[in-house]
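Chains A and B, in that order, are what the protein sequence lines are. When we follow this note's numbering, the leftmost residue of the first sequence carries the number 154, and every step to the right adds one. When we follow this note's numbering, the leftmost residue of the second sequence carries the number 154, and every step to the right adds one.
DSS-like mimics (lysine-lysine), calculated; alpha carbons at most 27 angstroms apart, straight line: (1) Lys-190(B) / Lys-279(A); (2) Lys-190(A) / Lys-179(B); (3) Lys-208(B) / Lys-172(A); (4) Lys-208(A) / Lys-190(B); (5) Lys-179(B) / Lys-279(A); (6) Lys-190(B) / Lys-209(A); (7) Lys-172(B) / Lys-172(A); (8) Lys-208(A) / Lys-208(B); (9) Lys-179(B) / Lys-179(A); (10) Lys-209(B) / Lys-208(A); (11) Lys-190(A) / Lys-271(B); (12) Lys-209(A) / Lys-179(B).
Quick partial rundown of chain B residues pointing at chain A, CB under 7 angstroms, derived from the structure: (13) Leu-184; (14) Leu-188; (15) Ala-196; (16) Glu-205.
In short, the hints are calculated from the structure, not lab data. Note that beta-carbon positions come from the ideal geometry of N, C-alpha and C, so glycine has one too.
Protein chains: 2
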Amino acid sequence: MPTYGFPSAMRRLILELSKLPTIGEKTAMRLAYHLIKEDERDAADLAMAILEARKKIVFCRICFGLADEEVCPLCSDRSRDKSIICVVEKPADVIAIERTNGFHGGYHVLHGLWSPLKGVRPEETKINELINRVQKSRERGSKETRIEEIILATSTTVEGDATAMYLAKNVTELGVTVSRIAQGMPKGGELEYADQGTLSHAISGRLKI
Amino acid sequence: MPTYGFPSAMRRLILELSKLPTIGEKTAMRLAYHLIKEDERDAADLAMAILEARKKIVFCRICFGLADEEVCPLCSDRSRDKSIICVVEKPADVIAIERTNGFHGGYHVLHGLWSPLKGVRPEETKINELINRVQKSRERGSKETRIEEIILATSTTVEGDATAMYLAKNVTELGVTVSRIAQGMPKGGELEYADQGTLSHAISGRLKI
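This is chain A alone, in the form it adopts within the complex:
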């Protein structure tokens, strides 16, 4: 990185910032300068927020969403209908769906999509955990709410579709209704960036696979 003339602490900060996704060298330089120049408390607050988040945030034991206890607030909420589970790629997608106010079931966060092209195998995501979760819930005498329906709300990209197909194949066998969010979403779109209307429509118009 050609930042000769900068002291080593600045070079190190630029290097660490440019490891973040979507942050190139010039943006990293701009962010580093902001952190050096502006209110010292802001810089300290950010550093502490990073350390605290790493320390406190865990994945929910049930849905693998973000939690600060063993079970996340959404899984602990008894008013939600846990017989219907919405499957998403990442935590931000849960927020996107919650914002529509059109879904009141449970979630399952995959933390990745099956992608033979990018070399991501199902085992590197929480896909198998979902299959186990459904299986367990349907066993005689299970304490968990029996899962009756799975909504596959992965992005409508090649990887999102492939993951949905893989899950549909494995979960339908368990006697569960499996649906895919309606293709009211633009093809190739990222779930996280969809507007609320499109996303709400896609959930209500889901089709049985």
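Based on these hints, arrange chain B on the given structure of chain A.
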């Protein structure tokens, strides 16, 4: 910030990240998720780099560039011709000019531009410090190298031009040659993002004001 469903440590991290320039809420969410999910050491390294940079980096006593000692490496470098000073807005601009390999004098970093529209007064930048620096260097018996020329290399924006004019007026009186980088740069362009050829040309083609 509508991030209900996220634990408080995650909400706090997103909030702190979105205080950074050019980082909106969605990018902040993406960065926060990356920091939570990827290698723990990367997150800790970033936090430490922020704290270390705040602790170690100071503004050079002479040029106000970034330094980890009282005087920055460029001002300490005796091989550079300190009779000619290149005036820039921010530390990243020093790097941009150093990259051209076409300038071997000293610098002065203003940390802001005079902008009546944005309500930034000259006193909020290091403009007066430059005038004092030139004045002192030209006093009889001064230990500093006598400054003979000032190159005004602020961006070719309204604020950059206004600052250059303000400085030209105040420094010319002191008997110093004042020049402006040639308008080989595209009008309205930000110095930091100029390509090396354009910037090199602009420096060599500077015009006396």
